[in-house]
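There are 2 protein chains.
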Amino acid sequence: MQMAEARRGTTTLEMEAVAKAEGRPVEFIMRGVAAGRLIIPRNLRRKNVSVKGIGEGLRTKVNANVGSSPDYVNLNEEVEKAKVAVKYGADTVMDLSIGDGIDEIRRHILQAIDAPVGTVPIYQAWTEAASRGDVVDVSSDDIFNAIRRHAEDGVDFVTVHCGVTRAAIEALRRSGRLIDVVSRGGSFLAAWIIHNERENPLYEEFDYLLELAREFDLTLSLGDGMRPGCLADASDVAQFQELLTLGELVERAWARDVQVIVEGPGHLPLDHIEANVRLEKVICKRAPFYVLGPVVTDIAPGYDHWVGAIGGALAAWAGADFLCYLTPAEHLCLPSVEDVKEGVIAAKIAAHVADLAKGIEGKRDDEMARARRKFDWTKQFELAINPEKPQELRRRRPPSIDPNVCSMCSKFCAIKMVNTYLKEKTRDIRKETRGSQK
Amino acid sequence: MQMAEARRGTTTLEMEAVAKAEGRPVEFIMRGVAAGRLIIPRNLRRKNVSVKGIGEGLRTKVNANVGSSPDYVNLNEEVEKAKVAVKYGADTVMDLSIGDGIDEIRRHILQAIDAPVGTVPIYQAWTEAASRGDVVDVSSDDIFNAIRRHAEDGVDFVTVHCGVTRAAIEALRRSGRLIDVVSRGGSFLAAWIIHNERENPLYEEFDYLLELAREFDLTLSLGDGMRPGCLADASDVAQFQELLTLGELVERAWARDVQVIVEGPGHLPLDHIEANVRLEKVICKRAPFYVLGPVVTDIAPGYDHWVGAIGGALAAWAGADFLCYLTPAEHLCLPSVEDVKEGVIAAKIAAHVADLAKGIEGKRDDEMARARRKFDWTKQFELAINPEKPQELRRRRPPSIDPNVCSMCSKFCAIKMVNTYLKEKTRDIRKETRGSQK
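Those protein sequence lines, which keep their order, are chains A and B.
Take the first sequence: its letter number 202 is residue 201 in our numbering, and every next letter is one higher.
Take the second sequence: its letter number 279 is residue 278 in our numbering, and every next letter is one higher.
Treat each hint with caution, since some may be false.
Heads up, the list lumps identical chains together, so a pair's fine if it works in one copy or across two of them.
Unchecked claim - In silico lysine to aspartate or glutamate, DMTMM-like type, Cα no more than 20 Å apart, as pairs:
id, residue 1, residue 2
1, 410, 133
2, 410, 99
3, 82, 151
4, 415, 133
5, 280, 381
6, 357, 273
7, 410, 127
8, 19, 401
9, 280, 102
10, 19, 250
11, 415, 136
12, 362, 250
13, 378, 103
14, 280, 375
15, 388, 337
16, 373, 79
17, 362, 235
18, 415, 127
19, 82, 196
20, 284, 76
21, 284, 136
22, 378, 169
23, 19, 235
24, 415, 203
25, 388, 375
26, 46, 214
27, 82, 15
Please keep in mind that the hints were generated in silico from the structure rather than gathered at the bench.
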């Protein structure tokens, strides 16, 4: 178990791999894992996984959600989405299937990609209950059996909505939200708690959940079932009631050497983001923060991947460690493979610009600047976050007068002009090599 | 003249139109114009213009650049770009043509749209000089004649690179930039100054420029010829040397009742943006700030409209008043009509999320939340920043089981589930009407 080993002062192969990938000493990784500030989600049963570190001091990571819905079930397409997500840079993939054949899709995805895989096992418990009769007819056993089934398959992390408690639902009622609950798992549990007038089993039997997690070194992603679903509901009593509960559960998990991530909003105006990140870091004792977006306006359906990138860049800069992507299909329909690709690219850009601001990255941007100055287009394409896109655009309207420059300014290219006139007089003082801007 | 009238305590029809559009008292607009904190660019000769206010306390405005290059000259396409830009919400359009037929394109655009139009007259002076022989063979008369010609046609604002001085070029030489100059106008003037060993006529004869501006109530947009062209060059001595000059010129313009905007970067990492905006507001005495992007990473060619939206959202929230869009073609080729559309939408989203954070907007987002809660799809499309896009996506994968929800969660829609179970018990306390989140 990563956390237990780290606390004993032992480094694991996973810690070494993360240290190498991040360019950090393995002791830094070990201390981070020991303290819970960073996690390495890897199920003991998972084969062939390229492990990732998520948390303080590491590059911001990106997760892509895939999975079927009752309206569209297509095993091959969901596997293809997972592969495409990894191809374009997703660090992890979550399978959120709620259609038929959940087991099959999950198992194929675990085979098809080497990124850490997450799931939300309660979706399976609930959809199976729905097929038997009603979504509120789920037992505590159904829930834990679903989690075990996913863990046995090798899933590396699972979202568990432990904070959707009776207290959170009372807070929800007081809050007078415009849209009560937009989290699937949150709505399943809220409906169940209200209907059955009982406490959430994931909260009530949290110790049992921890035992299950220990058995597989399963990382728990503490879900935010009460996340706001529109700007008007942002940062309200229901959201923070849940966060307070998650803060307590983080400590209980750490006491049992179980790695945890805390999930966060959701829809937040730009001016709430930093406060939300800092609050999570305080209440949850610097446990890694995993945000969905945040979505910083409600009026841009069709562009929510980019709306999420604006929020995500700011959140990651403020300290969020893990960005869940959004796709253009958010709020509208089940995403296509192309939507997944666009979503991953948007989130990767958000993560990268935040890492630049945090001083973690920079060299690749400087290399791009040098390639631009030299009109080295091959190098520019190589360095691009998606090399296909700039090549496609440049092919569409190639330069016709001077092949070195681009068709925007053509022979009046500023770089070319200044290279010509400034060069002679500045060669003496120019530093031909420059480090990163950091 | 707007500024002269405002300083006399007189309101103009333009101030009244801006007051109405912004939902602000006309006295607020008048005082802002008098102080130079906000501008209403309108050439006295411009017919049929839907005036816009730009500056403190107003909604963030968006500019779209169109125009030909030596590689691609197509009058109809440039006019179409201008129309499409306005259709998707651009507040102003700048014609940056540098191919053949500059006069014709500008005049057609002025006829075709009712948005304020800006140009960069020195492009014309320089391209005409280039066609005669060399780009450095431009006279002071050529420059001012070009400005006059544009003003006589009714152009509402012009970019003038007055800050590209010998001092700025000396600073540029000291700076050791990775990419010296990326501004077209900046490169024209830098090459001219270096070659001719003379001072920039737009700086040296600034008083004459002001007289010309007064004649037409032409707004001057003080260009940033020294803007950084990559993150490594951000916020350096060349950039700030120019900004200091612009700060002096702002006061000289105001002394002659000439409205000014100050242009800013450019390529900036996320953590430089707020400082850049605040510095401009201090050095330029709260003159409106017009930023290009900012572009917050260099490695995303093909996606620079969104990279600019991340930077633009943060800049506008920090106080920038006017966002110049970027298109997917930035750094690659002359944009197409479709690129213009995508660029405008990205910049509009950035402006809107900043306005939300500043408390200027919000009702439309709340209406969207209500429409989502009620599954009122017609209303959701109406309220969308681009209604075509969500309709297209929803059509692609419509819900098959329940037509009210979407195919992402289908019958497991969280909103629907919680509406069902929570409704009865909360009707008593729910506030059915809610104001904005502000």
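Hints, verified against the model:
no. : hint      : in the structure
1   : 410 / 133 : between (69 Å within a copy, 12 Å between copies)
2   : 410 / 99  : between (59 Å within a copy, 13 Å between copies)
3   : 82 / 151  : neither (22 Å within a copy, 59 Å between copies)
4   : 415 / 133 : between (69 Å within a copy, 14 Å between copies)
5   : 280 / 381 : neither (37 Å within a copy, 39 Å between copies)
6   : 357 / 273 : both (14 Å within a copy, 15 Å between copies)
7   : 410 / 127 : between (65 Å within a copy, 13 Å between copies)
8   : 19 / 401  : neither (43 Å within a copy, 49 Å between copies)
9   : 280 / 102 : neither (35 Å within a copy, 58 Å between copies)
10  : 19 / 250  : neither (29 Å within a copy, 55 Å between copies)
11  : 415 / 136 : between (70 Å within a copy, 17 Å between copies)
12  : 362 / 250 : neither (38 Å within a copy, 40 Å between copies)
13  : 378 / 103 : neither (42 Å within a copy, 38 Å between copies)
14  : 280 / 375 : neither (43 Å within a copy, 38 Å between copies)
15  : 388 / 337 : both (13 Å within a copy, 15 Å between copies)
16  : 373 / 79  : neither (38 Å within a copy, 34 Å between copies)
17  : 362 / 235 : between (40 Å within a copy, 18 Å between copies)
18  : 415 / 127 : between (65 Å within a copy, 19 Å between copies)
19  : 82 / 196  : neither (42 Å within a copy, 59 Å between copies)
20  : 284 / 76  : neither (39 Å within a copy, 57 Å between copies)
21  : 284 / 136 : neither (36 Å within a copy, 66 Å between copies)
22  : 378 / 169 : neither (57 Å within a copy, 31 Å between copies)
23  : 19 / 235  : neither (41 Å within a copy, 34 Å between copies)
24  : 415 / 203 : neither (68 Å within a copy, 26 Å between copies)
25  : 388 / 375 : within (16 Å within a copy, 36 Å between copies)
26  : 46 / 214  : within (16 Å within a copy, 76 Å between copies)
27  : 82 / 15   : neither (25 Å within a copy, 57 Å between copies)
The structure does not agree with the numbered hints 3, 5, 8, 9, 10, 12, 13, 14, 16, 19, 20, 21, 22, 23, 24, 27 stated previously, though it agrees with the rest.
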